[in-house]
Amino acid sequence: MALVTLRDVDFAYDERPVLRRISFDLQAGDFVGIVGPNGSGKSTLIDLIDGLLRPAAGEVLVNGISTQKYRRRDMAREVALVPQHFDLDFDLAVREVVEMGSYCRGKDAAARSDPDQTLARLGVAELADRRFTELSGGERQLVVLAQALMQQAQLLLLDEPASALDVSHQLRLFDLLQRLNRDGVTVLCILHDLNLAIHYFEKLLVLSDGEVAAYGPPDEVLRPAIVEAVYGVRAYLHKHAGRTYLTFSPRLRGERLGRVHLVCGGGTGAGLMRELVDAGYDVSAGVLNALDTDEETGSELGLSMAVEAPFTPVGDEAHAQNLELMRTADVVMVTAVPVSHGNARNIGAVLEAVAAGTPVWAVRGLLDADFIGLTDELEPAGVEFFADDAGMFAALGERSSGRRGVHKSGAGPSGPPALKT
Amino acid sequence: MTRLARTSAWPGIGLAGGLLVVCLVLSLVLGPASLSLSQLWHFVTTGPVPGNLENAIFWQIRMPRVLLACLVGAELAVAGVILQDLFLNPLTDPYVTGVSSGAALGATIGIVLHWSGLPWTTMLALVGGLATLGIVWMAARRRGRIDIFVLLLAGVTISYLASAMVTVLMIQGNQDMRAIVYWLMGSFSGRGWGEVQIALVAVPFMILPLFFSREMDILLQGEKRALELGVEVERTKRLLLVTAGVLTAIAVSVCGIIGFVGLVVPHIVRLLVGPGHRSLLPVSLLVGASLLGIADLLSRTVIAPNEIPVGVVTTFVGAPLFVYLLRRGRKG
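For the record, the sequence lines run as chains G and S. First residue of the first sequence: 1, per this note's numbering; consecutive thereafter. First residue of the second sequence: 1001, per this note's numbering; consecutive thereafter.
No lab work stands behind these hints: they were computed from the structure. It cannot be assumed that every hint is accurate.
With a cut-off of at most 27 Å between alpha-carbon atoms, the simulated DSSO-like pairs for lysine-lysine come out as follows [to be verified]:
#1 G:K239 <-> S:K1237
#2 S:K1237 <-> G:K107
#3 G:K69 <-> G:K107
#4 G:K69 <-> S:K1224
#5 S:K1237 <-> G:K69
#6 S:K1237 <-> S:K1224
#7 G:K203 <-> G:K239
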């Protein structure tokens, strides 16, 4: 039997629906994180599990029994909740505050935990004699956790316990939760930091607009597509030092400003790629060798790229692909990539693009990195040169906002903004 | 300020009990006709003796008056603790629920109708107070729960309404204005064993909250947190609200509206023993009794043979003390 079962649970505050058709199980020993945008119903969900709210439809079962059938004291013995906000303006000692957690265990001293030992378990034994009102935000969080542990409940619900904590306390807290979980406590924890969620939790529940968007292991659940659908930001997966990280771009999907094709390599294009993507451009690149820094960045960002095998000169197939990508681009940009025989065909492709009427911009550094003297042809052919990446990026911004008005279709200075979504 | 009784409640209760004994002795000994300690001992041990004037003054006038002052002080202090902690508002006193204004209205009706003295004025005050509690209670009920903030607002509103009606009655019954004003200021003058008997009804209501000290501690964290920790919040809240309402109604009906005791005593005691209710409730009870006992002593001795209304004494003592405590609290 599952420890917690939700079946088709609906919940509404007055007439405003908050949760819809929520169904999931929590098994004893689970270590589950809840993520989701603000207002997606996360706190409401844990209040429902603790029986503080009554579902409008469906049922919430703890140990197979409806939460509405529990007396509060019995519920507190099964489920402990660590709230997001905790106010106590009265001048109580930390020990007294922690002690309150054992209320549900009755007056029998043998059945109750010792507040000092509980604080020691969290590594903050020294707080016992301090006054609660004097504590820092992080210390308060640990004291409230200690209070919840005094309930000796098998299920621990936490509502953004890390939000008031610095990075070191955050890691300590999650290590602690893992340890509690190994000691047999089932943990269900709301958090906002998706990277912490990936690293610490066995399973994640993604809430989106009051519904379960996904429930499963982090690598299945936090795929960029799901993150984009739920949060409305672009997400990229990176692998670094054996771990997976997500990074985000603020731009909402469906707002791309235009297509930019980058000719780069050896890490000269990675920074510009990210900036262009974050600014909302649809970016492609090529030809790059696989395992090249720019190629890795491009694939993490999910760009369309013309790619050649590692340490191999650009072949026919990659070249043709590159020409195709350039043909559909609004602007082609060339970074200060070192030019040699391996990527000489890229310069040829750039010349073809200029001839076809596509604006081609390059940075001056390109001329200095040319080992075979090919780039001298670029300026006479009509390639516009900029001092650096930043200058090129700024010019693109002006162009997109319509002030330059240059477009491959030949629109004049007074033409419409070069927006293509 | 260092705190007494951090771990055990008993040292604080012992000290406060000692204070009450000293106050009782002083109040019984001092007065227009002062007694020696041996006379006090003699009167107490022999009991009421018919035909002896001094004995009659002691047993029929001074003793009931002193006991009544102490009982009312205890009632107001306990009601003050309960309401301040339920409202989570340090400025709350027993009168915010509107119970006192309802009682005042009842008493005013009694005075205007010339049903003076026991039992009518007192009974009408009691009825007025309890009826107000009922009205405020109904107003604050929503979906089977008592909304504490609606309760506060309803209480304040009813207070204004009752005060307005008292004013109308005062203007109507012009010749009774003096009696009404004196009643409203609060006094133990002329009260006897009848009032003591009514005040004694409140004793179980003073004891009852002591059994809920743990729940009251937990409620300091707010109602939601108390639910999470396993407290039956609604039940506890209802019980405590009724208790505070009954205590206030009884106190006001026997002696009028005496300010500042219910407001200041819980604050003083919190500074001394902390906010834990295991100490706060019993010590407040004892300190409230002591304070009002001493205030009544001052009211009848300072400008003897005339009396200062006791509400004036508590306000003169309480107001500066309260301002001092507020400033101190800010710094701390």
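So, going through the hints one by one against the coordinates:
1. G:K239 <-> S:K1237: 55 Å, violated
2. S:K1237 <-> G:K107: 21 Å, holds
3. G:K69 <-> G:K107: 23 Å, holds
4. G:K69 <-> S:K1224: 18 Å, holds
5. S:K1237 <-> G:K69: 21 Å, holds
6. S:K1237 <-> S:K1224: 13 Å, holds
7. G:K203 <-> G:K239: Measuring from Cα to Cα gives roughly 20 Å; hence the hint holds.
Hint compliance for this structure: hint 1 alone is broken.
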